[in-house]
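So the protein lines, in turn, are chains L and B.
Going by this note's numbering, the first sequence opens with residue 1, and the numbers climb by one from there.
Going by this note's numbering, the second sequence opens with residue 1, and the numbers climb by one from there.
It should be emphasised that the hints constitute simulated quantities derived from the structure, not laboratory data.
Bear in mind the structure is a predicted one, so any value in this text is a computation, not a measurement.
Do not rely on the hints blindly, as some may be mistaken.
Below, in silico cross-link-like pairs of lysine to aspartate or glutamate (EDC-like), each with a Cα-Cα straight-line distance of 20 angstroms or less [claimed, not checked]:
#1 B:LYS68 - B:GLU15
#2 B:LYS49 - B:GLU15
#3 B:LYS49 - L:ASP24
#4 L:LYS71 - L:ASP24
#5 B:LYS49 - L:GLU44
#6 L:LYS71 - L:GLU56
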Amino acid sequence: DTGVSQDPRHKITKRGQNVTFRCDPISEHNRLYWYRQTLGQGPEFLTYFQNEAQLEKSRLLSDRFSAERPKGSFSTLEIQRTEQGDSAMYLCASSLGSGPLGETQYFGPGTRLLVL
Amino acid sequence: AQSVTQPDIHITVSEGASLELRCNYSYGATPYLFWYVQSPGQGLQLLLKYFSGDTLVQGIKGFEAEFKRSQSSFNLRKPSVHWSDAAEYFCAVGSLTGGGNKLTFGTGTQLKVEL
């Protein structure tokens, strides 16, 4: 068990550029979540995958955001035309879930994005 | 909608002293409750969780939490704090979403430990 990994750990970009983050979940975890954490706040839910299907998206996820999880393994989160308000820590979590009961989510170290 | 309140933004305790971090939640059904800790440059690490059963939950690093339904609380405690416990602590409630469980976090409590 190598844990959840995220790449890159830090990203600095200029406003208007596109960025893409990658998350590699714990092997065999079928559920994958993305959260965003701004300074002084707790993480906020963005989106959720069960295997390769994206089953829930928060209203926080504007049209400029897109997430994928091809083949139910790693996931990518892309932000198009970045804005300064997108500056945040983007966290990925994975879990092994079967049914509606609560499960434990394991978090990666996050990708810190700074938009200049 | 579910929500979590952590009333204390910052707490300072002396090493060896006891600790209690407060957490109040709002959720219409039986809550799934979690405490996570976040150190600088680190991801969120799960300390403990409550799904059902015994309302006093034991976690890692000597932490425990007590679920009190009547008070909608899930306070985190540790009898003797170590300097390495300095970090930010987040309480979270899990809710069903599309078959999964999204977490709603509080704003966190920053713990400082004085030597």
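Structure-based check of all given hints:
1. B:LYS68 - B:GLU15: violated (28 angstroms)
2. B:LYS49 - B:GLU15: Not satisfied, since the Cα-Cα distance of roughly 25 angstroms exceeds 20 angstroms.
3. B:LYS49 - L:ASP24: Not OK: LYS49 of chain B and ASP24 of chain L at ~24 angstroms, beyond 20 angstroms, violated.
4. L:LYS71 - L:ASP24: Since the Cα atoms of LYS71 of chain L and ASP24 of chain L sit roughly 12 angstroms apart, the hinted pair holds (cutoff 20 angstroms).
5. B:LYS49 - L:GLU44: holds (19 angstroms)
6. L:LYS71 - L:GLU56: holds (18 angstroms)
Comparing the model with each numbered hint stated earlier shows that hints 1, 2, 3 do not hold.
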